[in-house]
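Colleague: Given next are the chains, with one letter for each unit.
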Amino acid sequence: MKKFTTKQISVTGITLLVLLLFPLVITQTYIIHVMILVFMFGMLGVAWNIMGGYAGMFSFGQAAFFGIGAYTSSFLVVTFHVNPWIGLIAGGVVAAVMAAAIGYPCSNLRGHYFAIATIAFGEIVRIFFNNWKLVNAAEGITLPMVNESFTNFMFHSSKLPYYYIILSFLLIALVICYFVAHSKMGYYFRAIKESHDVARALGVNVVWYRLIAIMISAFLSAMAGTFYAQYILYIDPESVMLLAISIQLVLISMLGGAGTVMGPVIGAAILIPIAEFTRIWLGHKGTGVDMLIYGFLITLISVYQPQGIWGLFANIGKKKNG
Amino acid sequence: MPEQLLQQIVNGLMIGFMYSLVAIGLTLIWGVMNIVNFAHGDFLMIGMFTSFWLFTIFGLDPLFSIPICFLLLFILGIAIYRFIVSKVMKGPMLAQLVVTFGISIFLSNLAVYFWTPDFRLISTTFLQGTWDVGGINISVPKAIASIGSVITSICLFLFMKKTKTGKAILATEMNRESALLMGINTERINSLSFGIGAALVGVAGAFLSTYYYIYPQVGGLFGTIAFAVVALGGFGSIEGAFIAGILVGLAQTLGGFYFDPSYKYAIVFMIYLITIWIRPQGLLGW
Chain A
1 MKKFTTKQIS VTGITLLVLL LFPLVITQTY IIHVMILVFM FGMLGVAWNI MGGYAGMFSF
61 GQAAFFGIGA YTSSFLVVTF HVNPWIGLIA GGVVAAVMAA AIGYPCSNLR GHYFAIATIA
121 FGEIVRIFFN NWKLVNAAEG ITLPMVNESF TNFMFHSSKL PYYYIILSFL LIALVICYFV
181 AHSKMGYYFR AIKESHDVAR ALGVNVVWYR LIAIMISAFL SAMAGTFYAQ YILYIDPESV
241 MLLAISIQLV LISMLGGAGT VMGPVIGAAI LIPIAEFTRI WLGHKGTGVD MLIYGFLITL
301 ISVYQPQGIW GLFANIGKKK NG
Chain B
1 MPEQLLQQIV NGLMIGFMYS LVAIGLTLIW GVMNIVNFAH GDFLMIGMFT SFWLFTIFGL
61 DPLFSIPICF LLLFILGIAI YRFIVSKVMK GPMLAQLVVT FGISIFLSNL AVYFWTPDFR
121 LISTTFLQGT WDVGGINISV PKAIASIGSV ITSICLFLFM KKTKTGKAIL ATEMNRESAL
181 LMGINTERIN SLSFGIGAAL VGVAGAFLST YYYIYPQVGG LFGTIAFAVV ALGGFGSIEG
241 AFIAGILVGL AQTLGGFYFD PSYKYAIVFM IYLITIWIRP QGLLGW
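Protein chains in written order, with my numbering: chain A, 1 to 322; chain B, 1 to 286.
This is chain B alone, in the form it adopts within the complex (with noise of 0.2 Å):
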């Protein structure tokens, strides 16, 4: 039993991670512009295709798309910024909210019309198989993309604090009128955390290709937990998206191996429900 337990632990663990890595770009959009990106889940599902094609077409093994994605979303994420987001970033509060579901149905169906519906996976990578550690079964491509979403989270962290520009991310996030005052212009920090915060979800596709099957609906699952990680977290900390992307995972499949796994999601919102119902603001939010 406790090994079964710890085995539960370590898968909850791995989902958490990726949980964490999806929901830490959303949680930047959201804290620098006050805007909900329902087609996060959406931009994920597009990295999750360009590793798949540059694997099926050029044998590109997802590990090296892993720039191609970056790049890719976050050119798509300025762009849609620019186009789109930024029209309705003075406009009433509903039409932001909807916007982006708008982009979210969109994007989805463009990928149903080019790809079909059906399910895809990525067979043989180099990241195959499973490791034995005292009796635990830990999937290497799992064990891997959690390592990396580790890394990418430490590296947003050390952009955010170390840079100009990070800190100026930072600054328009605490106070728009101050920092503009201050010489930044939040116009561009606006599209480029809009640009960030895609490209980040794009890596998180690129890892999330190697072990989950690739379907043009499959960001709906994860952009919505995504929210409540957010949520959980504190809207727009970093930190707290980290965290509360860990505990979710956790509480997934330790609410799945208790109870029933059919309820582990509405386990999930229920206890998204309950933080929020306690402390509003979310445990890292301000």
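Just chain A, with the same shape it has in the complex (with noise of 0.2 Å):
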């Protein structure tokens, strides 16, 4: 593993510290809201991205991991009175057998093919909550007003500890999203992303570690799943396990950049802004205007910029060094 810069570790201090003084000096709460999206789909970008921008397999069924943890955990907190926080593990626990489960007879599946059954994945399990009595089917689940703390992981009278929980869920995120880069196992998903039958023969265990990549996602996601629950107070098949949702966390880490740690972060700085704002200057009248935009927006990405931007960055900052 290779030694930080002093240029990196000051470059990283200084936005940490941008990111943690932010609300206190813009206290807007729509502002903060978008940042909570912000941070919280720059979440789910980095998980999409350890199995989809390392090892190479294009989820488009994510969704269903993220819902899986909103309602793991809300489920519980309803019905049986648990901590939302332990929900929060058992939820990311759920996610990751879940993702096991699909992933291992999917292990064989490539390109085009997985991307498929990813989605049919996140259709059959959308249909199934839409129908499940025990989950309250389409009517989703409120979850009960408790007194605000961070042990009852509730705050009403202000959005800031919502802020700095996702904000160190996102830093947990980016953390494990570094370590697995750089490590052995990061070139193992590499090369099973270029080749599975190159990496097999190199002695990889092709079925193996991509189903620790998928894993791993799963419960990255579904924690962001209990975050959105626990923030929200309310969920519902459609609103957490839309195909929608699926594709916007492939936009996110493409736009960005996949296969970079920073990527989805930077990614969803830049779409869920753009995205919210349009919504809500054009989107009101209900014509449709801000998806027009948006879609236009992610086939100009496609066309233009499929590298993503952090590849930008990179190449202009290699330039200035040399």
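Just so you know, these hints were derived from the structure itself, not from any lab. Any given hint could turn out to be false.
[Unchecked claim] Here are the simulated distance ranges between beta carbons:
#1 B/Tyr258 to A/Val97: 36 to 44 Å
#2 B/Leu221 to A/Asn147: 57 to 65 Å
#3 B/Arg188 to A/Ser168: 50 to 58 Å
#4 B/Trp53 to A/Glu194: 31 to 39 Å
#5 B/Phe157 to A/Val97: 44 to 52 Å
#6 B/Trp115 to A/Thr142: 54 to 62 Å
#7 A/Val93 to B/Lys161: 50 to 58 Å
Ideal Cβ placement from N, Cα and C applies to all residues, glycine included.
Join the two chains into one complex using the hints; note that each chain is given alone, in its own frame.
Modeller: So this is what it looks like as structure tokens:
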């Protein structure tokens, strides 16, 4: 593992400091809300990136893991009064087990085949939850109001605690991603992404490492799901398990730069505010203009900047140094 | 009970033929250029709206708007290929997967912008009512659409096997480099296949508009099912997609009949997952 340069350390430190102080300076609730969404989708993007960007398994069913996380903790809270922090871990475990159960039979699928299989998986899960009486089917789950405290994972008077919680979640995801990317496992992932056969010939256990990638990714996505449930306090299959969410995660990662640690965060920081603000300015008339722009943007990015924006930055940085 | 079952089988067959027609265009595009066209369902939607407006404004029966839908979607398909899809063909695979999602969102919301998200229905066409065959009700528009689907599929099959252009498409599908060496202009074949794929789903749209609700998001459901159909039949296999479409239609109605109608699409995706688990290349793929 390489040592960090002083420049890297100072840039990271300053960015962190700015993010920590940001909500104390800019106090508009709506801006804070958008920042929370940026961090949450950034985290989901990082999770997607571990299996998609590094191990080459393009998942279009990530919302299923997000939803399973949200549902597990909420169900435990409502039915058994289990603390949501325990629900957070439980949701991650359930999602990881589900991921392994679906990932194992799909372990030989590549490229488009894998992508379509994940769409099918995501749709099955959504339809299932839409009809499952135990979790209120299509009605969804409303989380009961309790006293605000860190232990209860619930805050009414301010969004600030949510801001710091999701920021630390994002940092955890980034640290995990960084260590995965720079460990032996990360090299195995990339070898598998380039070619199953070559990786296998070099002695990499392809099935095993693909499963690990999927499970890490599912666990982190489920964590974000629990956060979403505790933040919005209401979930239903149509809000946490939609195909559109899965697609948005792919876009975020691609726009920022798939297969780079920071890429998805950059992608979320660009795409989420655009999506939110166009929705506010143009979406209220129900004319679809906001989505029209969104679709146009996706097409534009795929054609002109498919390597992601992070690559652009890195190139500029290299040129300056060289 | 057997009559009810027979009725379900007939219904399943009729919806299955429709899935086949939607899927053969998708499988053609997929097989030739290895691009997953997520905008396929939205091409279907455009076909349906074309037929709807021709009917509403000019009183043209959907059956007569079939050639117009074919032509319009053919041109649209070629334009989308030329100006967008061809540009990502050499890019990373992720961009190839995502670009058609962008087109899909764009097209469906363009329809919302122009025509609102309302549901519409073509009410009075030549094709109305039901036939009663031995106690089984067969809806006339659905029956005609099924026959149309079979005829269109046969036409495509003959085109691929008998004409020079069709053989060139098949050759490109099998091996792009060799086809190029044999003097086939593969770039032209790409845009032609994209155009034909879109045109076929335009025809499906015209047929579907005779009995199904017409609204901007209609493509979502049919598009997603079409992927399962194509993958089940084997990527790029027209015969495979045709058979798989019928199987999916049957599975959906019989699954809904025996278990619970709200799970019918989950059953379809389940069958798909099990199939690719056992046979990753699909039923008739290689």
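Colleague: Next, verify each hint and record whether it holds.
Modeller: Here is how each hint holds up against the structure:
1. B/Tyr258 to A/Val97: 36 to 44 Å: violated, 29 Å
2. B/Leu221 to A/Asn147: 57 to 65 Å: violated, 44 Å
3. B/Arg188 to A/Ser168: 50 to 58 Å: Given range 50 to 58 Å: holds, Cβ gap about 55 Å.
4. B/Trp53 to A/Glu194: 31 to 39 Å: violated, 49 Å
5. B/Phe157 to A/Val97: 44 to 52 Å: Given range 44 to 52 Å: holds, Cβ gap about 45 Å.
6. B/Trp115 to A/Thr142: 54 to 62 Å: 35 Å Cβ-Cβ, so the 54 to 62 Å window is violated.
7. A/Val93 to B/Lys161: 50 to 58 Å: Since A/Val93 and B/Lys161 have Cβ atoms about 54 Å apart, the given range 50 to 58 Å holds.
The structure fails to meet hints 1, 2, 4 and 6 from the earlier list, while all remaining hints are met.
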